[in-house]
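Asker: So you can see what is in the structure, the chains are spelled out below.
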Amino acid sequence: MRPFSASLLVALLLSFVLLPNTLERAVGAPSPKVKLGAARNAGNDMPSEKTNATSETKQPETVRSSRSLVLVASLTVFVLSIFVGFEIIAKVPPTLHTPLMSGSNAISGITVVGAIIAAGYQDTGVGSLFGLVAIVLAMINVVGGFLVTHRMLLMFKKR
Amino acid sequence: MRPFSASLLVALLLSFVLLPNTLERAVGAPSPKVKLGAARNAGNDMPSEKTNATSETKQPETVRSSRSLVLVASLTVFVLSIFVGFEIIAKVPPTLHTPLMSGSNAISGITVVGAIIAAGYQDTGVGSLFGLVAIVLAMINVVGGFLVTHRMLLMFKKR
Amino acid sequence: MIAIVPLVYLVSAVMFVVGIKLMSAPRTAVRGNLVGAAGMALAIGITLFDQGVSGYLFIAMGLIAGTVIGTSMANRVQMTSMPQLVGLLNGLGGGASVLVAFSDLVHHTDQPIDTLIAVGLSGMIGAVTFWGSLVAYAKLEEWKQFKKPYSLPNQQMINLGLVIVDFLLVGILAFSHSMTTQIVCYVAITILSSVLGVFLVNPIGGADMPVVISLMNSYSGVAGAATGFVLDNNALIISGSLVGASGIILTQIMCKAMNRSLGNVLFGVMAGSGSDSNVDEIYANVRSTSADDIAMILDGAQRVVFIPGYGMAVAQAQHAVKELSKLLESRGASVEYAIHPVAGRMPGHMNVLLAEADVSYDKLKEMDQINPTLDSVDVAIVIGANDVVNPSARNDPKSPIAGMPIIDVDKCKTVIVIKRSLSPGFAGIPNPLFALPNTLMYFADGQAAVLDIVKAIKDL
Amino acid sequence: MIAIVPLVYLVSAVMFVVGIKLMSAPRTAVRGNLVGAAGMALAIGITLFDQGVSGYLFIAMGLIAGTVIGTSMANRVQMTSMPQLVGLLNGLGGGASVLVAFSDLVHHTDQPIDTLIAVGLSGMIGAVTFWGSLVAYAKLEEWKQFKKPYSLPNQQMINLGLVIVDFLLVGILAFSHSMTTQIVCYVAITILSSVLGVFLVNPIGGADMPVVISLMNSYSGVAGAATGFVLDNNALIISGSLVGASGIILTQIMCKAMNRSLGNVLFGVMAGSGSDSNVDEIYANVRSTSADDIAMILDGAQRVVFIPGYGMAVAQAQHAVKELSKLLESRGASVEYAIHPVAGRMPGHMNVLLAEADVSYDKLKEMDQINPTLDSVDVAIVIGANDVVNPSARNDPKSPIAGMPIIDVDKCKTVIVIKRSLSPGFAGIPNPLFALPNTLMYFADGQAAVLDIVKAIKDL
Ligand SMILES: NC(=O)c1ccc[n+]([C@@H]2O[C@H](COP(=O)([O-])OP(=O)(O)OC[C@H]3O[C@@H](n4cnc5c(N)ncnc54)[C@H](OP(=O)(O)O)[C@@H]3O)[C@@H](O)[C@H]2O)c1
Ligand SMILES: NC(=O)c1ccc[n+]([C@@H]2O[C@H](COP(=O)([O-])OP(=O)(O)OC[C@H]3O[C@@H](n4cnc5c(N)ncnc54)[C@H](OP(=O)(O)O)[C@@H]3O)[C@@H](O)[C@H]2O)c1
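Residue numbers (our numbering), protein chains in the order written: chain A, 1 to 159; chain B, 1 to 159; chain C, 1 to 460; chain D, 1 to 460.
For the record, the hints were derived by calculation from the structure and aren't laboratory data. A quick note: this is a predicted structure, and the numbers were derived from the prediction, not measured. Be a bit skeptical, because a hint or two may be false.
PhoX-like cross-link-like pairs, simulated, lysine-lysine; straight-line CA separation at most 20 Å [what the hints assert, rightly or not]:
no., chain 1, residue 1, chain 2, residue 2
1, C, K365, C, K256
2, C, K455, A, K91
3, D, K398, D, K365
4, B, K91, A, K91
5, B, K91, D, K326
6, C, K322, C, K455
If you want the footprint, here are the derived chain A segments under chain B, 3+ residues with CB under 8 Å [claimed, not checked]:
no., segment
7, 129-137
8, 146-153
The beta carbon of each residue, even a glycine, is placed where N, CA and C say it ideally should be.
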């Protein structure tokens, strides 16, 4: 686990070094710039929305609504979940590894949620078609995974 | 841990029942309504900001920039961190409980960050003054905590 | 109502975590799995509700189709081919990510850099997972064309090249503003990654497939998480990274049990490394035996140990074995089972099978636990195990499985090996054990063999 | 650059997690603490950078002041009063939350409901933590006015009432739109919660302070998290909830070790519950002894066990004890230390002290480990321990510590109890052990006593 955490830190620090440029590019690129600006002003025009913790003159908070903050939020969730994952899995005894494998496999079928959203893109025919196929695939993963895990576990329970 | 998780679930489900009204009130309340509306439109005016994963016609996503999503994001982080906390602490052996106590105590001094932000509120005299006091208190907590933990741990290390 | 949806996603994410936690004890495992399933149902439900009635029929079709297929697969599969199934399901998950990312791409114009990067990565990881898993599946199903690991000259250079190009394409995709460029890049990425997936897994010996599969499990998780970044959807991000972590850990555990590094498994090109040569002389004086002789031998035995392996799974012999051990115990012998951590094709594979046959926990001994006591064993019955009892792991430093901890059956007074032939195990190497003076081979299908022995004993 | 700040917060949060993980093994613990500190430095640094030069001097003043005070506190404190210090620091953390939330409140007009709720909660939890910790501190410092737990008639009703009113006020604060109302509410909340904090902790016996303190530790974390919600600041939310969880777990562990429920600790109003009565007759035939006699007894002893308690901490006797045990070992006796999980005033308190005196791990035996073997012990030296060796926990079901697992020294052939008087321990109850036929009391300060014994033995 330790080496992993270490590498995690490194990864984070890296992204933290690289991101600025990415974002500058983002801001530098014609269309997005306007929007980000818009967002920032928007932020200022609505103090009452109080999406900003520091005084209105503070930069980083006023753009809370901006894209990059959403990204960091997601990153935070991502990192935390990885920790949770490592901690809870490490505790599972070998006997249960096969069920665990199929069980977690079923969970990874969560993509079905994404698939449903994608299938909702009525406007783009291709998009929604692919969405449909994705639903089928992911749903097989989900249902198959949970069922087969259940089957296995019942055997353990018998005793 | 299990009962805890259970209660956690309950708590979440509760908030999930209560929140809507809260938010309705929020939206219902004169000034915020406008802002939220503004935010929503803002969201629409800038497809390129792509703060919405589903088609622009989708409600919940278009207001990604809105307050309530920030809240849920924070909630997510909160819950995940609690899990991480439980998992990693449970592993610490009794021998190290005292250092652990003072160490984590030092970490709780993170409030100093908030204090610094608050002290930055130059406009409101009281606010920034309180901020200053807060900085002192929190900083004592931080420095004192880490140092004393270090002192204790060195003793363990000696051998 | 705006924040309800993500909040529910959070709830179901928590249910996944709680579910996995419950799965860490046999007693609560079933409930754990159900909690997980409930969480999934919740997530799907709220998403449908959120989608509005618009595409319902459309979506419903997909869901139903998936459910039907998934159910039948889950009900049909035998415990032996569990690894294949898991592999297949992983693949499907990966495939789904590829498709979702694509439809998101074509649906939105002018997305922010990070979303586009996420799109690219979903495509990449998803495709690798999909094809990698399929190849793994084929190998486990022992399809001829995949049976022997096959790799191009300096395969690894090629793979590296593919990866680099992939990343370049992701970069272009991310920074280009024309939809067409983006789509072209995406398709290219998907194709290259598919090739990469095949190239990565194809050179790996079948014996290492379980490692590959749990790695793919991890990938499918990561792919899901990437898709989560595409859709800014925490449900995907959380669950995806949970699975990603779980896969990695299982992989590490397996590698440790085979004492090989992951790198060695992935690039070692181990299986069948030129030990085909002196097979005949190794097997020069193998002695084979019959059910009746075995019955005789067992008649006098005080302490009997079964060493099950993949073969028991193939032969579905677990019930027969259980019957035999009941019989032996009724005649006053003590019976145990020595379980090697990587016996079979998945970690815990043997435990599942023996659980199915109602063998009680306390009779299952882990390798480290039973090895020291083996020399006091009268008869060791190796049923369908091969690599996990191959002494050359201890003796022959040049052996491809050198250093892998094994169950030292050769220490037992008498060793009976039940398998159909002298053909190698999945490591594809000969096993000196079979030629040892205290070893007797009984060539037959595992189940038939054990039943014959039972009969023979009853006839004594 | 916009997203850098939160990203750095994430990094430091990760450093906290990694730090705590490292703290789970003595070998890496020091590094762990440093990693944590580095994370904190990073968080503070980026916040300053983010604040711009504006209020620098102002802020710097605060930081320096805090650092100076904190450093001197940390360097001055003796290991014995560690619990007090931790308690105090907790309190400060809580206080900070109260102030931060307030200044956020006065600074922003027209905040969203949830922020206001968070503000209210920060004030509430923060204030409870602050005052609760101070009272706990006073009790541990054994200030007279706090020495004996004091509670109003139906205290708990009152507390409940306070809590309810508090929540009502939070509600009003959250839904009112006038700044004045909000401020009034907030102040009211803070005052009520302060009272609540005192009321909650005051009735609790000093012996239970460690539990209270680690509970306060948890609260201070939660308060921090609440402030995090006020500022939408993940650094606070993550770290806060980490600490919140840690505090709860430690609390549970302690309660288990005393075999009492948390509820019982908080509302049990245990300490000193009317057992003051028959003290004299209990202590009727207590036999006291001298250093020379003890030396004599130890001279013949094969197996000696030390049972350290809070008194050893007070007397700073750990070094003397170490010296004595070295001496005994040099004369061929085997020496162990029996550590009760709640000996002292913090979990692991004794471990820290003995570590300070360079006693090696393997000599420290946990209660469950050593209890079964105690009857083969020649001499048990109880130094400054009282409640943790009080047999009435086993025998007298009506005793306030009934059911708390203890170290069964009364089973040893000879028991020597070193304390200054017959005065009770922190549970405030008499100890029948002192009157047992095989018990000898040596009334003196722990350190002095042990040194005298050492001298006496050398003079033999
Ligand atoms: N479990 C895991 O997680 C895991 C992970 C990674 C790698 N592996 C690898 O998988 C292998 C597991 O070793 P193992 O000893 O369990 O299996 P094995 O080495 O693959 O040997 C299985 C043996 O069973 C025999 N067999 C097949 N079908 C049979 C039937 N119907 N009746 C009787 N015998 C039958 C085969 O011989 P015949 O064809 O002559 O009958 C074969 O030699 C190891 O190489 C291990 O490294 C496992
Ligand atoms: N460790 C934890 O985490 C924790 C948590 C919760 C509660 N507690 C409570 O704390 C108590 C710990 O029990 P304990 O046996 O360790 O301590 P104790 O029961 O509090 O007794 C300490 C004894 O040490 C003696 N003493 C004080 N100063 C001394 C000195 N300078 N030299 C020699 N003796 C001295 C005192 O008697 P004299 O005054 O006569 O000298 C006192 O009787 C238990 O009640 C436990 O429940 C501990």
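Asker: Determine for every hint whether it applies to the structure shown.
Answerer: Hint-by-hint comparison with the structure:
1. C/K365 - C/K256: Distance of about 19 Å is within 20 Å: holds.
2. C/K455 - A/K91: 43 Å, violated
3. D/K398 - D/K365: 29 Å, violated
4. B/K91 - A/K91: 11 Å, holds
5. B/K91 - D/K326: Distance of about 33 Å is beyond 20 Å: violated.
6. C/K322 - C/K455: Holds, at about 14 Å.
7. 129-137: Coverage by chain B is violated here, the residue count being 0 at a Cβ distance below 8 Å.
8. 146-153: This one is violated; 0 residues, fewer than the three required, reach chain B with a Cβ under 8 Å.
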